[in-house]
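Engineer: Input sequences plus hints: build the corresponding full structure.
Line order of the protein sequences matches chains A and B. With our numbering applied, the first sequence covers 1 to 280. With our numbering applied, the second sequence covers 1 to 378.
It should be emphasised that the hints constitute simulated quantities derived from the structure, not laboratory data. Among the hints, a few may not be true.
In silico DSS-like links for lysine-lysine, alpha-carbon gap of 27 angstroms or less [claimed, not checked]:
1) K162(A) <-> K131(B)
2) K131(B) <-> K168(B)
3) K108(B) <-> K131(B)
4) K162(A) <-> K133(B)
Covered stretches of chain B (in silico footprint by chain A; criterion: 3 or more residues with CB under 8 angstroms from a CB of chain A, positions within the stretch not fixed) [unchecked claim]:
5) 86–93
6) 229–237
These numbers were taken from a predicted model, which means no experiment stands behind them. In this text, a Cβ means the ideal position worked out from N, Cα and C, and glycines have one as well.
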Amino acid sequence: MAKPNSTNLGGMIWAYAVLAVFAFISVYPITRIITVSLRPGDRLLSTSLDFIPDGATLDNYRVLLFETPFLRWLFNSLLVSVVVTITGVALASTAGYALSRYKFRGRNSMLGGLLITQMFPATMLLLPLYVVLINLRLLDSYLGLVVIYSATALPFCVWQMKGYYDTIPPALEEAARIDGCTPWQAFYRVIFPLAAPALVITALFSFMTAWNEYVVANVVLQDTAMFTLPLGLKMFQNDMSTQWGLYAAGALLVSIPVVGLFLILSRYLISGLTLGAVKG
Amino acid sequence: MARVRLDTVRKVYPNGFEAVHGASFEVQDGEFVVFVGPSGCGKSTLLRMIAGLEEITSGTLHIGDRVVNDLAPKDRDVAMVFQNYALYPHLTVYDNMAFGLKIRKFPKAEIDERVREAARILGVEQVLDRKPKLLSGGQRQRVAVGRAIVRKPEVFLFDEPLSNLDAKLRVQMRTEISRLHSQLGATMIYVTHDQVEAMTMGDRIVVLKDGEVQQIDTPLHLYDHPANQFVAGFIGSPAMNFLSGRIDGSGDALSFVADETALSVPLGASDASLLRAHAGQAITLGIRPEDLYVAGPTAPNGSATSRWTLDVVEPMGNEIVLYVSSGPHTAVARVAPQPIPEPGTDTDIDLALDTSKLHFFDQETEAALTETPTADLA
Ligand SMILES: Nc1ncnc2c1ncn2[C@@H]1O[C@H](COP(=O)(O)OP(=O)(O)O)[C@@H](O)[C@H]1O
Ligand SMILES: [Mg+2]
Numbered sequence: 001m002a003k004p005n006s007t008n009l010g011g012m013i014w015a016y017a018v019l020a021v022f023a024f025i026s027v028y029p030i031t032r033i034i035t036v037s038l039r040p041g042d043r044l045l046s047t048s049l050d051f052i053p054d055g056a057t058l059d060n061y062r063v064l065l066f067e068t069p070f071l072r073w074l075f076n077s078l079l080v081s082v083v084v085t086i087t088g089v090a091l092a093s094t095a096g097y098a099l100s101r102y103k104f105r106g107r108n109s110m111l112g113g114l115l116i117t118q119m120f121p122a123t124m125l126l127l128p129l130y131v132v133l134i135n136l137r138l139l140d141s142y143l144g145l146v147v148i149y150s151a152t153a154l155p156f157c158v159w160q161m162k163g164y165y166d167t168i169p170p171a172l173e174e175a176a177r178i179d180g181c182t183p184w185q186a187f188y189r190v191i192f193p194l195a196a197p198a199l200v201i202t203a204l205f206s207f208m209t210a211w212n213e214y215v216v217a218n219v220v221l222q223d224t225a226m227f228t229l230p231l232g233l234k235m236f237q238n239d240m241s242t243q244w245g246l247y248a249a250g251a252l253l254v255s256i257p258v259v260g261l262f263l264i265l266s267r268y269l270i271s272g273l274t275l276g277a278v279k280g
Numbered sequence: 001m002a003r004v005r006l007d008t009v010r011k012v013y014p015n016g017f018e019a020v021h022g023a024s025f026e027v028q029d030g031e032f033v034v035f036v037g038p039s040g041c042g043k044s045t046l047l048r049m050i051a052g053l054e055e056i057t058s059g060t061l062h063i064g065d066r067v068v069n070d071l072a073p074k075d076r077d078v079a080m081v082f083q084n085y086a087l088y089p090h091l092t093v094y095d096n097m098a099f100g101l102k103i104r105k106f107p108k109a110e111i112d113e114r115v116r117e118a119a120r121i122l123g124v125e126q127v128l129d130r131k132p133k134l135l136s137g138g139q140r141q142r143v144a145v146g147r148a149i150v151r152k153p154e155v156f157l158f159d160e161p162l163s164n165l166d167a168k169l170r171v172q173m174r175t176e177i178s179r180l181h182s183q184l185g186a187t188m189i190y191v192t193h194d195q196v197e198a199m200t201m202g203d204r205i206v207v208l209k210d211g212e213v214q215q216i217d218t219p220l221h222l223y224d225h226p227a228n229q230f231v232a233g234f235i236g237s238p239a240m241n242f243l244s245g246r247i248d249g250s251g252d253a254l255s256f257v258a259d260e261t262a263l264s265v266p267l268g269a270s271d272a273s274l275l276r277a278h279a280g281q282a283i284t285l286g287i288r289p290e291d292l293y294v295a296g297p298t299a300p301n302g303s304a305t306s307r308w309t310l311d312v313v314e315p316m317g318n319e320i321v322l323y324v325s326s327g328p329h330t331a332v333a334r335v336a337p338q339p340i341p342e343p344g345t346d347t348d349i350d351l352a353l354d355t356s357k358l359h360f361f362d363q364e365t366e367a368a369l370t371e372t373p374t375a376d377l378a
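Structural biologist: See the structure below:
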């Protein structure tokens, strides 16, 4: 308190030291992957630690993009993930709102039920889901994946949205309704924009659920042309030898959309938007 | 502009709690009516039923010539200012005020004209493009009022709009809202728990307690002729003094004798004729602090003198507030500046009670016994 500078300086050094360690821990593996992806095909198992390997080449990327179905898988993954994201945002934002604002029969059991679904690991649900998909004739289809991914992501998203709506004062909708809004208008013109941080989390969570998923996709999809990226990448690991160069290049490209999405959406993650709505 | 009429309007919340028991009264076109009462007495519930934010359990509500029981808030043509302002945080001040007009599809030019006019009246022109979180409490309050006036509604509803402001700003906004009322000539219903706001702003006051309307009257009539002990004690500050006792004597020579003390107050002729029937019953006498005087030449004619112990003296400059006691009774007196003895357990002071300003209440029902019932203005 009395000498903020000295304490702050010590604290800063500590903070930066800790951050540097963690930054190194997270960045180092990525640099290794970059290195591997740049190695020419005959030197994959080299033990050199150079960042730019001897005879660095973009050949792995060329093969990946033009000689494998990588772009096709990318399209599949994007399609499934985007549809899951839209479904997740649309359903979680409205369901969470109803659960936050309206008292109706079955409300508490619904909230409890959503939580209970989170207690079972996805692998345990694999067999029942498989049976359901067979009966619905949704095996080997994007829709089958979308249904399962949405069902996996929704409980968390609904709870999360409900929790956020709970922090928005109901007086805002009341003001909107007196100003001339129908209940639906009050929701989408006032509450929906205010829930942006929660919507971003819902969107990211839904997207990631679909984008990274392997186990369910492996069961649902059989046709190579319909594979999502995680399944596709796994194919490089087939047979006797793993094509590490392709695998590394693919892994890097797969992470680009996610990083991009985080960067774009992170600015909406600032909370405290409702501050100043009420109270003086 | 419009009248608002309530006929035995009741509110029972889903948990079975009856927050408003059959309220019936009428707010005249262009009138400023204040709902006042302690916290939890049902003021907000009543106001929110008029706004359409709470369902009316039974009874009818008219706004203008329409029964609006089943109309949505947006169709009632009312505007409301909330206690916490409820400004839309994601919109600028301008868009907050324009919101209701945009929803109602007013032409852009008219929206602009109305918003700027309201901003001018309320002195928030400088902050039109700011978000609410950058405003001071007073500015938020003005924007909330502005959002109501741009719509030019039939009826304005205010729910404790000033209670989040500091004392000085509260006094200032109070006069501004009063001025707005005379400028717009609109029907306004204003909820507060602060009796000073009620007294200074209202054309008429509706006093509520436990969901029950206690009295509806003009501020001054309410002050001089409270219908029961609750209203008498709630309106006025410092509050009215109450002394429990009984009526004693016979014929015209009746007097009020306080319990457990020598305190005795002879009754005037009109009080005596009204109270004769209650002789011997337990009765509460009420007298306002300003109707007590230090005994002597400045006391009004026809006052009754009694001896009290002087506990505390608060000189206020323009007046002196005395806290006195006598046996189990305590009282507060507001007297003109004058030399007053040092207070203490053995300091006695003679106070004169203006016997033309006495109030009497039945101890069982708390109803006033000597007030002429208020003419029903509804
Ligand atoms: N939604 C509700 N459910 C049950 N009781 C309520 C509800 N809202 C308010 N009440 C009760 O109704 C009474 C009146 O509330 P309110 O009108 O808000 O009082 P005031 O505005 O006069 O302080 C209070 O006792 C309160 O606890
Ligand atoms: Mg209230």
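Engineer: Each of the hints needs a verdict: does it hold here or not?
Structural biologist: Hint-by-hint comparison with the structure:
1. K162(A) <-> K131(B): Distance of about 25 angstroms is within 27 angstroms: holds.
2. K131(B) <-> K168(B): holds (25 angstroms)
3. K108(B) <-> K131(B): holds (21 angstroms)
4. K162(A) <-> K133(B): holds (24 angstroms)
5. 86–93: holds (count 5)
6. 229–237: Violated: only 0 residues of the segment 229–237 of chain B have a Cβ under 8 angstroms from chain A.
Hint violations for this structure: number 6 only, all remaining hints satisfied.
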